[in-house]
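Student: Chains as they are written, first to last, in our numbering: chain A, -15 to 149; chain B, 1426 to 1818.
Rather than coming from a laboratory, the hints here were simulated on the basis of the structure.
Any given hint could turn out to be false.
As the list claims (entries may be wrong) - Below, in silico cross-link-like pairs of lysine to aspartate or glutamate (DMTMM-like), each with a Cα-Cα straight-line distance of 25 Å or less: (1) A/K125 to B/D1519; (2) B/K1456 to B/D1514; (3) B/K1749 to A/D90; (4) A/K9 to B/D1469; (5) B/K1474 to B/D1514; (6) B/K1455 to B/D1703; (7) B/K1749 to B/D1619; (8) B/K1474 to B/E1459; (9) B/K1539 to B/E1576; (10) B/K1539 to B/D1508; (11) B/K1516 to A/E118; (12) A/K7 to B/E1714; (13) B/K1605 to B/D1746; (14) A/K131 to B/D1746; (15) B/K1474 to B/D1654; (16) A/K7 to B/E1762; (17) A/K116 to B/E1793; (18) B/K1804 to B/D1508; (19) B/K1456 to B/D1508; (20) B/K1516 to A/E(-9); (21) B/K1670 to B/D1703; (22) B/K1670 to A/E13; (23) A/K116 to B/E1481; (24) B/K1539 to B/E1520; (25) A/K125 to B/D1664; (26) A/K131 to B/D1588; (27) A/K114 to B/D1694; (28) B/K1455 to B/D1694; (29) A/K99 to B/D1703; (30) B/K1749 to A/D132.
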Amino acid sequence: MGQERIEIDYDHVDVRRIMDQIKEKVAAEAGGKPLASGGEAAPVSEPDFTGGQGRMRRVLLKLTSPFRPLIKLLILPVDEEHRRTVLILDHTNRRLDRLIAEVERDRRLTREYTKLLHHLCHNLVVEMSKLKIEVETLKTKTRVMEKDFEFLGKREKALEKEAFK
Amino acid sequence: MKLAFVVQRYGLEINGGAELHCRWVAEHMKKHAEVEVLTTKAVDYITWKNHFARDEEVVNGITVRRFPVTRARNPERFGRIQDRLLCHDHKEADELRWLNEEGPRAPGLIQFLKDNENSYDYFIFFSYRYYHSYWGIKTVPRQSILVPTAERDPVVGLGIFRDLFRTPRAIIYNSIEERKMINDVSGNGPVPGDVVGVGTEIPDCYSGETFRRQHNISGPYVLYLGRIDENKGCHRLFDYFIRFKRESGSEVKLVLAGSTVMQIPSHPDILYLGFLGDGEKFDALDGAELLIMPSFYESLSMVTLESWALGKPVLANALCDVLKGQCQRSNGGLYYETCPEFRESLGVLLSSPRLRRALGEDGRRYFEANYTWDVIEKKYLALLGRLEKDKSS
């Protein structure tokens, strides 16, 4: 239900005024609804690959320092691959968030257009029916006028004949 | 003055439409004139099969002469003929063939009119689209008064009816919209006429509480009274109401009363009570918050007038120009074209008892000014007086 209120003057209730307000409200809801809120997805923080600064870490680093060249050599390809994968996943997540937001926006837009088209079709059918009756009416009037015209023509001729006898 | 009311069906078992309209007017006019009814032996409006055995009987103090229908209607064949007629170019002969199929074909009734033309002052024909009105008015044009009860449906534009609307001595319309439509279709402006309509019998006492107790209904409800039929816009009413319930969370119920020719959706807040008698109908109206009229085609809508007579507002289908016009003239109800308009209008009406009271009061005033039997009788008598004056001058 819409949030706008219908103003009613209870001392002089006027159906036409109430209906105008209802129509305006319905039109505003159908046409002026804001679309999806904000196009961008929530930002994802850049992963921190620089490491922590704890004492434990320092001790461990000192203890393992003689083996550092070997460890580096062993984990280098895995670490590189891991970093690359995390970056790719993060990038993919951002793209997915953006795409989902876009799809949602399009979906709402399409829904509104469908509603409008539905109303349009309905109103067209109603108007066409009224117009068909109107056309019939006009055809009838034309036929009546043709007959009247024909009759007046005949009358004119008859009168002329009488006058010039 | 002797009046004959000519109508396609007549009897206490027929409780709606032009037939009931005719019966009520005849019963009220018998105070002012000698009244007889000329009709057929049919009850079923689909087939027009002969039902009444007797040729003559008295119904509520009025002599009713019944004439046999010589050929029952075949609905399928009639449907085919009507479709062809409305969708293709055709000649007057095709329209007359359609009229014969439409029925009720009672040549005895037409012969009676021919033979007894001078025994009556005026013949008041009800419903323009049937055999009895067309051939009856052609038989006694100078004494005929037509009550067309015309709706905005395509057959009103047929050529045969253009002539028909220009033939009678006078026309009694049900609404301003009906008069405009017929004037436009036939160019019958010079034919004397008036917008009269019909009154209604309001019982002295009615009780919404009794109705609620009898049917075990609690909480607010809106009411639909009449035939439950797609042609009456009920399919759309159900759709809109279910959507209204879903979107608004309102506790309101939709109560339906009348004969049904369509499937009613199964919904906990849609209650179908079957056909209600006159007394119960007014109890139901009294208990309702408002009446809903979803019909697309109406020439007047007696139930709308009854609702206003009880001071109840109406929510009507604005695509029916008569209902919209009546709501605007009476200031007694709101109207809708689309589902959002239905939702908003119903929401506004249900949320404001003060608005419902104000609209109901306006509706009641409109009813009392235009549709009480005193007013209707006076309008009929004024028209008859005018015709008598024209005749003598």
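Student: State for each hint whether it applies.
Tutor: Okay, the hints, checked on the actual structure:
1. Annotation: proposed proximity of A/K125 to B/D1519 holds, straight-line Cα distance about 21 Å (limit 25 Å).
2. The straight-line distance between the Cα atoms of B/K1456 and B/D1514 is roughly 48 Å, outside the 25 Å bound, and the hint therefore fails.
3. With a CA separation close to 38 Å, the supplied pair B/K1749 and A/D90 exceeds the 25 Å bound.
4. Distance hint between A/K9 and B/D1469 is unfulfilled; the C-alpha atoms sit about 46 Å from each other, more than 25 Å.
5. For the hint pairing B/K1474 with B/D1514, the CA-to-CA distance comes to about 31 Å; that exceeds 25 Å, so the pair is violated.
6. Restraint check for B/K1455 and B/D1703: the C-alpha separation of about 22 Å stays at or below 25 Å, so the hint holds.
7. For the proposed pair B/K1749 and B/D1619, the alpha carbon gap of about 20 Å is at most 25 Å, so the pair holds.
8. At roughly 30 Å between alpha-carbon atoms, B/K1474 and B/E1459 are farther apart than 25 Å, so this suggested pair is violated.
9. Between B/K1539 and B/E1576 the CA atoms are separated by roughly 29 Å; this puts the pair beyond 25 Å, and the hint is violated.
10. Annotation: proposed proximity of B/K1539 to B/D1508 is violated, straight-line Cα distance about 33 Å (limit 25 Å).
11. Annotation: proposed proximity of B/K1516 to A/E118 holds, straight-line Cα distance about 20 Å (limit 25 Å).
12. Simply put, A/K7 and B/E1714 have alpha-carbon atoms about 23 Å apart, close enough for the 25 Å limit, and the pair holds.
13. A hinted pair counts as satisfied when its Cα atoms are at most 25 Å apart, and B/K1605 with B/D1746 qualifies at roughly 11 Å.
14. Note on A/K131 and B/D1746: the hinted pairing is violated, with a Cα-Cα distance of about 31 Å set against a maximum of 25 Å.
15. As the CA atoms of B/K1474 and B/D1654 are separated by approximately 22 Å, the hinted pair is consistent with the 25 Å bound.
16. Taking the CA atoms of A/K7 and B/E1762, the gap is about 10 Å. The hint holds against a cut of 25 Å.
17. Distance restraint check for A/K116 and B/E1793: the Cα-Cα separation of roughly 36 Å exceeds the 25 Å cut-off, and the hinted pair is therefore not satisfied.
18. With a C-alpha separation of about 38 Å, the suggested pair B/K1804 and B/D1508 falls outside the 25 Å cut-off, and the hint is violated.
19. With a C-alpha separation of about 44 Å, the suggested pair B/K1456 and B/D1508 falls outside the 25 Å cut-off, and the hint is violated.
20. The hinted pair formed by B/K1516 and A/E(-9) fails the criterion: a straight-line CA distance of about 55 Å is larger than 25 Å.
21. About 30 Å separates the Cα atoms of B/K1670 and B/D1703, which puts this hinted pair outside 25 Å; it is violated.
22. Our distance criterion of 25 Å between C-alpha atoms is met by B/K1670 and A/E13, whose separation comes to about 18 Å.
23. As the CA atoms of A/K116 and B/E1481 are separated by approximately 44 Å, the hinted pair breaks the 25 Å bound.
24. A hinted pair counts as satisfied when its Cα atoms are at most 25 Å apart, and B/K1539 with B/E1520 qualifies at roughly 23 Å.
25. Only pairs whose Cα atoms come within 25 Å are accepted, and A/K125 paired with B/D1664 is rejected, the gap being roughly 40 Å.
26. At most 25 Å may separate the alpha-carbon atoms for a hinted pair to count; A/K131 and B/D1588 meet this at roughly 13 Å.
27. Among the hinted pairs, A/K114 with B/D1694 is inconsistent with the structure: their alpha-carbon atoms are about 35 Å apart, more than 25 Å.
28. This hinted pair does not check out: B/K1455 and B/D1694 have alpha carbons roughly 45 Å apart, beyond 25 Å.
29. Straight-line distance between C-alpha atoms of A/K99 and B/D1703 comes to about 41 Å, which puts the hinted pair past the 25 Å bound.
30. Distance hint between B/K1749 and A/D132 is unfulfilled; the C-alpha atoms sit about 36 Å from each other, more than 25 Å.
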